[in-house]
Amino acid sequence: MSGADNVVWLGTPAFPEAARAALADTRLRANLRRATGTIRDRRLAVAAELEDWEELRETAATIKRRTLRHLDHHLLRLEKAVTAAGGVVHWASDAVDANRIVTALVKATGGGDIENHEVVKVKSMATQEIGLNEALADAGIRAYETDLAELIVQLGGDRPSHILVPAIHRGRSEIREIFRREMGEWGRPAPEDLTDDPRDLAEAARLHLREKFLRAKVAVSGANFAAADTGTVAVVESEGNGRMCLTLPETLITVMGIEKVLPSFADLDVFLQLLPRSSTGERMNPYTSLWTGVTEGDGPRNFHLVLLDNGRTATLADEVGRQALACIRCSACLNVCPVYERTGGHAYGSVYPGPIGAVLTPQLVGVENAASLPFASTLCGACYDACPVKINIPEVLVHLRAEAVEAKRRDRLLPTSEGLAMKAAGAVLGSPRRLAAVQRLAAVGARLVARDGRIGALPGPFARWSGTRDTPVPTRESLRAWWRRTRPPRSEDSSTTAQGEERR
Amino acid sequence: MNGREIVLSAIRGALSGVPGSERPDDPPHSHGRRADHAGPDVVGLFAERAAEYRATVVRVPAADAAAAVGRALARTGARSLVVPPGLPADLVPEGPWSLLTDVPPLTVGQLDAADAVVTTVATAIAVTGTVALDHGPGQGRRVLTLLPDQHICVVRADQIAPDVPEALRLLDPYRPLTLISGPSATSDIELDRVEGVHGPRTLDIVVVGEA
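From first to last, the protein sequence lines are chains E and C. According to UniProt numbering, the first sequence holds residues 1 to 504 in order. According to UniProt numbering, the second sequence holds residues 1 to 211 in order.
Simulated from the structure, these hints should not be mistaken for lab results. Every residue gets a Cβ at the ideal spot worked out from N, C-alpha and C, and that includes glycine. Hints should not be assumed to be uniformly reliable.
[As the list claims (entries may be wrong)] Sample of chain E residues lacking proximity to chain C, with all beta carbon distances greater than 12 Å (derived):
no.	residue
1	D25
2	R170
3	D196
4	R199
5	A202
6	W291
7	G297
8	D298
9	L316
10	R322
11	G366
12	K408
13	P415
14	Q439
15	G467
16	R480
[Unchecked claim] Below are the SDA-like pairs computed for lysine to any residue, each with C-alpha atoms no more than 20 Å apart in a straight line:
no.	chain 1	residue 1	chain 2	residue 2
17	E	K80	C	R175
18	E	K80	C	L106
19	E	K212	C	L106
20	E	K80	C	I6
21	E	K80	C	Y174
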């Protein structure tokens with residue numbers, strides 16, 4: 001997989017390679033199984049409390065799809081409302097643009113000493129997507145992640161593994177080591193007697209970050225929602241680090257994907273019911289902050305809203321794939337996905353892992369730059385059932401698989417191996433006689449290479465298929481052969497039909 | 001072209017398949033309550049759900065409000081109490097704590113050193129056990145309820161909305177708004193819930209009066 005310059009971090013091995021390593025990590029798999037299982041159960045319990053859950057999902061899906069169909073209209077309303085409330089709106093067509101805008105804004109806060117070369121950040125997928133921290137570092141500005149899990153990831157020089165709980169792949173003793181080793185490099189060191197009790201670790205993070213919050217002049221946030229009619233922006237969180245970032249600094253810069261806009265403040269009621277329940281399995285997250293521009297005497301004096309495209313308009317242009325932009329980043333699809341549960345987030349090589357990552361990332365970066373991701377799925381459909389905004393992820397996956405094959409064909413100007421295989425399969429499946437012959441051959445051949453009822457690695461052209469899955473051995477006798485043997489034809493009808501098919 | 005024009009024209013290009021006759025609010029959809037999630041005992045449900053979020057909830061008659069605030073302070077051993085402008089005087093308890101008023105505004109250092117803050121609320125939500133602040137009189141600037149380690153919220157029973165839609169209708173979107181459900185919490189380390197990462201570690205809710 002080659003890298004794409006609008007999204008950080010694609011360029012690690014393609015999914016099948018990366019997944020192989022993850023699958024071999026038994027502790028990772030145990031952590032993931034426990035985490036996803038726990039959140040999954042909680043989500044089901046709190047969703048079941050609302051008897052109109054399905055109606056809420058339907059309403060949310062309608063609002064999102066409708067908003068996307070008139071996105072320019074709603075963004076212009078949002079711009080007007082935010083400006084009227086004392087904010088400044090910026091438009092960024094890609095990552096480079098957005099990073100340039102944010103860097104310039106941070107630098108413009110001026111002054112000259114340390115405060116002006118650092119920002120505090122509340123966890124934001126959009127800024128991870130554009131590699132903002134790296135871009136700020138290049139400009140000599142240190143960005144501090146303040147969400148506990150993001151802090152663990154940042155101090156560990158690591159990548160997030162989950163949308164909601166980015167450090168889910170780390171155990172408590174690892175976290176203790178990271179804190180002891182790295183905190184001193186970034187600010188207040190970890191206490192000498194730090195244990196691996198989560199309570200102790202959280203306290204160390206509190207002390208480490210508190211001094212940063214109290215002196216910060218600039219904060220960067222994402223946005224969960226923005227209401228076009230009032231210009232109100234919403235951030236949901238649990239720890240209070242969001243409130244710190246949104247309240248204490250003089251300047252607040254919010255980077256928001258253009259798809260996050262909602263037509264009205266009243267629409268929030270639907271999403272504030274769906275998001276926490278789908279995400280953490282809570283009735284409500286501990287803190288939701290809503291603000292409209294700037295307020296005299298309370299909170300930041302300057303508010304900048306950066307509206308980010310970065311591949312979203314290309315996604316919008318695809319009438320099937322567009323629905324992925326309805327995503328509210330709840331992570332419910334990750335927690336129900338049998339593939340994610342076994343590989344974890346890193347294997348996806350993207351800021352957006354799991355089923356939503358498999359449909360969103362290839363669209364944001366161009367399917368040719370993430371060609372393995374649409375195949376990182378069993379198409380079981382659990383993600384579609386879980387999605388609070390009813391994104392038909394399997395439908396988009398299949399659509400993108402076709403695009404990936406098409407891109408490969410264009411690229412090589414030759415039939416792809418998939419194309420050849422499908423052509424051969426078409427010829428075989430089109431003729432009962434050929435099918436029967438192939439089935440007989442396969443049953444014999446498979447038995448020769450199988451071990452314990454499974455077919456492992458095969459040589460030659462079959463290697464890429466067999467290398468990524470365990471294939472069960474075909475039965476000795478096909479259904480058709482069994483049928484013929486046990487139920488001899490009663491009349492001429494069946495053989496006539498078969499011959500008719502054969503001739504066609 | 002500047003960024004704005006580039007993005008807008010890309011959006012319009014992407015949406016060329018949307019018929020020009022389609023209006024942004026077609027088809028209309030209704031807002032508001034779709035089903036009753038709260039039941040008849042709104043106040044009781046609020047108290048129960050807020051307590052499930054590990055807030056300490058007490059229900060008292062109006063005359064006992066200040067005393068209930070005092071008991072919450074005594075429980076944590078708070079020595080200083082921040083009192084926002086506009087807080088009704090009959091909610092401020094007598095006791096061995098110093099009172100800090102935010103006029104003129106306290107510094108972040110002073111607030112960080114303060115032990116507790118007492119506020120009223122704009123509304124509350126029964127189904128989710130949430131209190132909502134619009135930072136008007138009696139609630140103070142946002143930072144007042146953020147830095148001290150104990151937040152005591154006085155909620156009148158008649159302020160409690162059954163559910164999220166009703167509460168949002170009561171709130172003014174042009175004010176800064178903070179919805180609070182329990183104390184600050186994280187589950188980032190092996191999904192073990194820990195209270196009090198950055199926000200107040202202790203949330204006390206005093207529900208005043210009858211429903």
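Comparing the hints with the structure gives:
Here D25/E stays apart from chain C, with its beta-carbon at least about 16 Å from theirs, past the 12 Å limit. Chain C draws R170/E into its interface by the beta-carbon criterion, the shortest separation being 8 Å against a cut-off of 12 Å. Remark: the non-interface label on D196/E conflicts with the geometry, its nearest Cβ contact in chain C lying 9 Å away (cut-off 12 Å). For R199/E, the shortest C-beta to C-beta distance to chain C comes to about 5 Å, within the 12 Å cut-off, and the non-interface label is violated.
Interface exclusion of A202/E from chain C breaks down, the closest Cβ pair being 4 Å apart, not more than 12 Å. A beta-carbon of chain C comes within 12 Å of the beta-carbon of W291/E; the shortest separation is about 5 Å. The claim that G297/E lies off the interface is violated: its Cβ sits roughly 7 Å from the closest Cβ of chain C, which falls inside the 12 Å cut-off. Non-interface call for D298/E relative to chain C: violated, since the shortest CB-CB distance, roughly 4 Å, does not exceed 12 Å.
Consistency note on L316/E: stated as away from chain C, yet its beta-carbon is not over 12 Å from all of that chain's, at 4 Å minimum. Under the 12 Å C-beta cut-off, the non-interface status given to R322/E relative to chain C is violated; the minimum distance is some 8 Å. For G366/E, the shortest C-beta to C-beta distance to chain C comes to about 15 Å, beyond the 12 Å cut-off, and the non-interface label holds. Against chain C, the non-interface label of K408/E holds: every CB pair exceeds 12 Å, the least being about 24 Å.
Separation of P415/E from chain C is adequate, the least Cβ-Cβ distance of about 31 Å exceeding the 12 Å criterion. Every CB of chain C lies more than 12 Å from the CB of Q439/E, the least distance being 45 Å, so the non-interface label holds. The beta carbon of G467/E is kept farther than 12 Å from every beta carbon of chain C, the shortest such distance being approximately 34 Å. No beta-carbon of chain C comes within 12 Å of the beta-carbon of R480/E; the shortest separation is about 45 Å.
Proposed proximity of K80/E and R175/C is supported: the alpha carbons are some 17 Å apart, at most 20 Å. Restraint check for K80/E and L106/C: not satisfied, since their Cα atoms lie roughly 34 Å apart, outside the 20 Å limit. This hinted pair checks out: K212/E and L106/C have alpha carbons roughly 19 Å apart, not beyond 20 Å. This hinted pair checks out: K80/E and I6/C have alpha carbons roughly 18 Å apart, not beyond 20 Å.
Among the hinted pairs, K80/E with Y174/C is consistent with the structure: their alpha-carbon atoms are about 14 Å apart, no more than 20 Å.
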